[in-house]
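K.L.:
Protein chains in written order, with the numbering used here: chain H, 1 to 193; chain Z, 1 to 193; chain D, 1 to 193; chain R, 1 to 193.
Source of the hints: derived by calculation from the structure; they are not laboratory data.
Some hints could be false.
Note: identical chains are not told apart, hence a pair may lie in one copy or across any two.
[What the hints assert, rightly or not] BS3-like cross-link-like pairs, simulated, lysine-lysine; straight-line CA separation at most 30 Å:
1. K189 / K172
2. K19 / K33
3. K33 / K172
4. K189 / K33
5. K19 / K172
6. K189 / K19
For reference, the chains in residue letters:
4 protein chains.
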Amino acid sequence: MFPAIPDEQFQRGDVPMTKQEIRVFVMAHAMIKPTDIVWDVGAGTGSLSIESALRAVQGHVYAMDGDAGACELVRLNAAHFNVSNISVLQNKAPMAMEGLPDPDVVFVGGSGGNLAAILSESARRLRPNGRLIVTAVLVETLYETLQFADGLEGFQVESCGLQVTRIQPIAKRHMFRALNSVYIVICRKGECV
Amino acid sequence: MFPAIPDEQFQRGDVPMTKQEIRVFVMAHAMIKPTDIVWDVGAGTGSLSIESALRAVQGHVYAMDGDAGACELVRLNAAHFNVSNISVLQNKAPMAMEGLPDPDVVFVGGSGGNLAAILSESARRLRPNGRLIVTAVLVETLYETLQFADGLEGFQVESCGLQVTRIQPIAKRHMFRALNSVYIVICRKGECV
Amino acid sequence: MFPAIPDEQFQRGDVPMTKQEIRVFVMAHAMIKPTDIVWDVGAGTGSLSIESALRAVQGHVYAMDGDAGACELVRLNAAHFNVSNISVLQNKAPMAMEGLPDPDVVFVGGSGGNLAAILSESARRLRPNGRLIVTAVLVETLYETLQFADGLEGFQVESCGLQVTRIQPIAKRHMFRALNSVYIVICRKGECV
Amino acid sequence: MFPAIPDEQFQRGDVPMTKQEIRVFVMAHAMIKPTDIVWDVGAGTGSLSIESALRAVQGHVYAMDGDAGACELVRLNAAHFNVSNISVLQNKAPMAMEGLPDPDVVFVGGSGGNLAAILSESARRLRPNGRLIVTAVLVETLYETLQFADGLEGFQVESCGLQVTRIQPIAKRHMFRALNSVYIVICRKGECV
Numbered sequence: 001m002f003p004a005i006p007d008e009q010f011q012r013g014d015v016p017m018t019k020q021e022i023r024v025f026v027m028a029h030a031m032i033k034p035t036d037i038v039w040d041v042g043a044g045t046g047s048l049s050i051e052s053a054l055r056a057v058q059g060h061v062y063a064m065d066g067d068a069g070a071c072e073l074v075r076l077n078a079a080h081f082n083v084s085n086i087s088v089l090q091n092k093a094p095m096a097m098e099g100l101p102d103p104d105v106v107f108v109g110g111s112g113g114n115l116a117a118i119l120s121e122s123a124r125r126l127r128p129n130g131r132l133i134v135t136a137v138l139v140e141t142l143y144e145t146l147q148f149a150d151g152l153e154g155f156q157v158e159s160c161g162l163q164v165t166r167i168q169p170i171a172k173r174h175m176f177r178a179l180n181s182v183y184i185v186i187c188r189k190g191e192c193v
Numbered sequence: 001m002f003p004a005i006p007d008e009q010f011q012r013g014d015v016p017m018t019k020q021e022i023r024v025f026v027m028a029h030a031m032i033k034p035t036d037i038v039w040d041v042g043a044g045t046g047s048l049s050i051e052s053a054l055r056a057v058q059g060h061v062y063a064m065d066g067d068a069g070a071c072e073l074v075r076l077n078a079a080h081f082n083v084s085n086i087s088v089l090q091n092k093a094p095m096a097m098e099g100l101p102d103p104d105v106v107f108v109g110g111s112g113g114n115l116a117a118i119l120s121e122s123a124r125r126l127r128p129n130g131r132l133i134v135t136a137v138l139v140e141t142l143y144e145t146l147q148f149a150d151g152l153e154g155f156q157v158e159s160c161g162l163q164v165t166r167i168q169p170i171a172k173r174h175m176f177r178a179l180n181s182v183y184i185v186i187c188r189k190g191e192c193v
Numbered sequence: 001m002f003p004a005i006p007d008e009q010f011q012r013g014d015v016p017m018t019k020q021e022i023r024v025f026v027m028a029h030a031m032i033k034p035t036d037i038v039w040d041v042g043a044g045t046g047s048l049s050i051e052s053a054l055r056a057v058q059g060h061v062y063a064m065d066g067d068a069g070a071c072e073l074v075r076l077n078a079a080h081f082n083v084s085n086i087s088v089l090q091n092k093a094p095m096a097m098e099g100l101p102d103p104d105v106v107f108v109g110g111s112g113g114n115l116a117a118i119l120s121e122s123a124r125r126l127r128p129n130g131r132l133i134v135t136a137v138l139v140e141t142l143y144e145t146l147q148f149a150d151g152l153e154g155f156q157v158e159s160c161g162l163q164v165t166r167i168q169p170i171a172k173r174h175m176f177r178a179l180n181s182v183y184i185v186i187c188r189k190g191e192c193v
Numbered sequence: 001m002f003p004a005i006p007d008e009q010f011q012r013g014d015v016p017m018t019k020q021e022i023r024v025f026v027m028a029h030a031m032i033k034p035t036d037i038v039w040d041v042g043a044g045t046g047s048l049s050i051e052s053a054l055r056a057v058q059g060h061v062y063a064m065d066g067d068a069g070a071c072e073l074v075r076l077n078a079a080h081f082n083v084s085n086i087s088v089l090q091n092k093a094p095m096a097m098e099g100l101p102d103p104d105v106v107f108v109g110g111s112g113g114n115l116a117a118i119l120s121e122s123a124r125r126l127r128p129n130g131r132l133i134v135t136a137v138l139v140e141t142l143y144e145t146l147q148f149a150d151g152l153e154g155f156q157v158e159s160c161g162l163q164v165t166r167i168q169p170i171a172k173r174h175m176f177r178a179l180n181s182v183y184i185v186i187c188r189k190g191e192c193v
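Please work from the sequences and hints to get the whole structure.
P.N.:
Right, here's the structure in full:
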């Protein structure tokens with residue numbers, strides 16, 4: 001009944017997580033179809049992987065993260081949400097991408113220092129009408145992704161920052177509580193229909 | 001191929017319009033099904049009405065606005081997007097709501113000074129599992145909607161502000177361009193499933 | 001050498017604190033002169049009281065807070081910054097204001113439920129050309145202060161929200177880290193010169 | 001009686017202008033003393049030059065802009081505010097800096113493509129305890145300035161983004177109106193006192 005899973009339903013550890021309001025926006029742009037192949041690079045807690053697996057019910061999600069703790073969290077969350085169409089790959093991208101089926105959707109939430117290679121390999125492998133979506137929480141990720149996107153041919157690119165302020169009830173009153181800004185760069189392969 | 005229609009595809013006049021990034025978020029929360037009945041109160045340019053009509057293909061959208069120019073814009077945009085499941089009611093809410101079928105989704109984007117009556121009538125008429133979504137661009141609308149929502153029984157309420165910064169390409173560089181803040185209050189009827 | 005004291009130089013406990021970037025903005029608007037009388041209502045950690053005392057070197061600062069822990073923190077911070085021109089009043093405003101000399105500047109950062117009375121008493125007692133500055137972190141405080149300010153005669157009012165994003169260095173990169181939004185309402189007594 | 005000059009008091013043309021709320025923050029960080037030498041690189045309308053000239057009454061402000069229209073606006077605004085301690089240099093930085101006295105404060109609001117050279121020459125020429133303040137409205141300016149600042153020795157650096165939402169009165173109500181985000185990087189020469 002929700003457009004995205006509430007944050008507190010995920011196991012989180014101290015791994016960074018894409019917050020619910022951002023996931024609503026990112027998932028709306030991902031437009032995942034039931035048969036889609038999804039790559040989640042720098043999967044973290046796996047929140048985008050889980051959201052994707054719940055939509056790509058006949059497809060498959062490949063969650064990649066170089067960190068063992070993150071991979072364990074993705075597995076825990078997959079079990080908790082009872083999704084079996086996720087494979088967790090404990091390996092850094094772009095190496096982890098080798099041998100995987102080409103994706104309809106790629107999320108890049110972390111790069112482990114290989115951002116340029118991850119972006120170009122993702123764009124190259126992306127299927128027609130595929131979507132590459134980068135969520136940037138670092139100035140450097142935003143800058144490098146925009147540089148990369150400017151050089152892409154055959155893609156449509158748009159980008160924005162989202163500053164979400166949650167309204168938190170507190171003793172019958174309502175407090176402004178900011179989430180950290182996230183910049184989102186969306187690259188769509190092929191012409192607009 | 002887009003999660004929401006680009007702003008420039010709408011006829012706009014000088015009527016305020018819910019911007020694309022906000023519509024992505026609002027429509028994701030509306031979760032409109034093909035058979036849904038949608039009320040759009042203070043329809044403005046009709047951008048949410050059009051988005052809704054494209055999703056509720058076997059349902060119907062009732063766009064209400066007290067302003068003749070706004071109603072004309074909604075009709076122009078409905079014709080442009082070739083949707084026929086929209087009725088435009090040039091009448092102020094809540095009067096305009098009389099005689100309409102009960103809604104699955106109500107959007108409130110403008111109130112013409114009748115916010116309290118609009119909200120309570122919307123909540124009363126809303127079908128089980130219905131969603132009432134208020135987009136507030138005034139301090140007063142945010143305050144009054146939160147007051148109202150606190151008194152609701154049998155609803156789940158959440159609320160946040162969205163500050164969108166578009167990244168605008170400009171001579172091979174990228175400029176931060178803010179949209180106005182919008183606060184969004186979402187009231188879901190019935191228990192969470 | 002700083003326009004405002006860095007946050008980490010204050011003793012904080014778990015009392016909320018006006019962050020440095022907000023203090024820079026608030027203190028610039030307060031325009032405190034060496035002989036000014038300053039009231040700090042809902043003083044919290046006393047960060048604005050300390051900043052004020054360092055500027056009103058021949059004046060005096062009255063820090064009011066109903067909470068004993070907050071008052072203790074103000075005293076600790078006054079000692080730490082070696083300012084003696086602060087009186088800490090553990091009493092709720094507006095009662096705490098009785099008997100004090102009329103202020104040139106009033107800060108309202110917390111109201112303990114007495115906002116309307118605090119604002120009207122502050123406006124009444126304010127000296128010619130005095131400044132009343134409210135920092136609102138609740139929707140209700142923002143709404144009620146704007147309502148109050150609209151009814152003021154002989155004042156100039158302006159208001160804005162500040163969403164600060166700190167750029168935090170992290171492993172040779174730079175992360176966007178949001179502070180909570182604060183709305184600031186500034187009421188200046190008398191005509192603009 | 002204001003901490004910064006209201007926007008509407010400046011002649012603006014269609015040259016971009018540092019808005020009042022941002023000037024309040026920037027000028028607070030600049031901490032200009034009466035005898036200071038100020039360089040304003042990419043002066044635009046000259047709003048920061050005028051604010052500086054009003055504070056550096058025994059000092060001098062050098063406003064540099066490669067654009068003839070901008071230079072004309074700075075001259076108009078200097079005449080309007082009756083300040084004579086401004087020299088307008090229609091020349092691009094860093095060339096325009098040659099032969100000028102070393103600055104206490106440098107503002108960089110535009111770079112004409114020479115950002116790296118402007119920053120390094122500014123840092124080199126800055127007097128002890130001097131302040132170099134960059135206002136970035138482009139992703140590239142933010143990124144390049146942070147890269148530059150990371151390599152500086154003998155400076156203290158801090159940085160933040162400011163998203164200002166003006167509260168605009170409109171028919172007895174109050175509308176949220178966003179200004180564009182500006183990122184501000186402040187480099188202080190020498191140790192903190």
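K.L.:
Are the hints correct? Go through all of them and say.
P.N.:
Here's how the hints hold up against the structure:
Taking CA atoms no more than 30 Å apart as the test, K189 paired with K172 passes between copies only; the shortest distance there is 21 Å, against 48 Å inside one copy. Taking the shortest alpha-carbon separations for K19 and K33, both the intra-copy value of 22 Å and the inter-copy value of 25 Å come in at or below 30 Å. For the homomeric pair K33 and K172, neither the shortest alpha-carbon distance inside one copy (41 Å) nor that between copies (34 Å) is at most 30 Å. When the C-alpha separation of K189 and K33 is checked against a cutoff of 30 Å, the pair qualifies both within a copy, at 16 Å, and between copies, at 28 Å.
Taking CA atoms no more than 30 Å apart as the test, K19 paired with K172 passes in both settings, with 25 Å inside one copy and 25 Å between copies. Taking CA atoms no more than 30 Å apart as the test, K189 paired with K19 passes in both settings, with 26 Å inside one copy and 24 Å between copies.
Violated hint: 3 only; the structure is consistent with all others.
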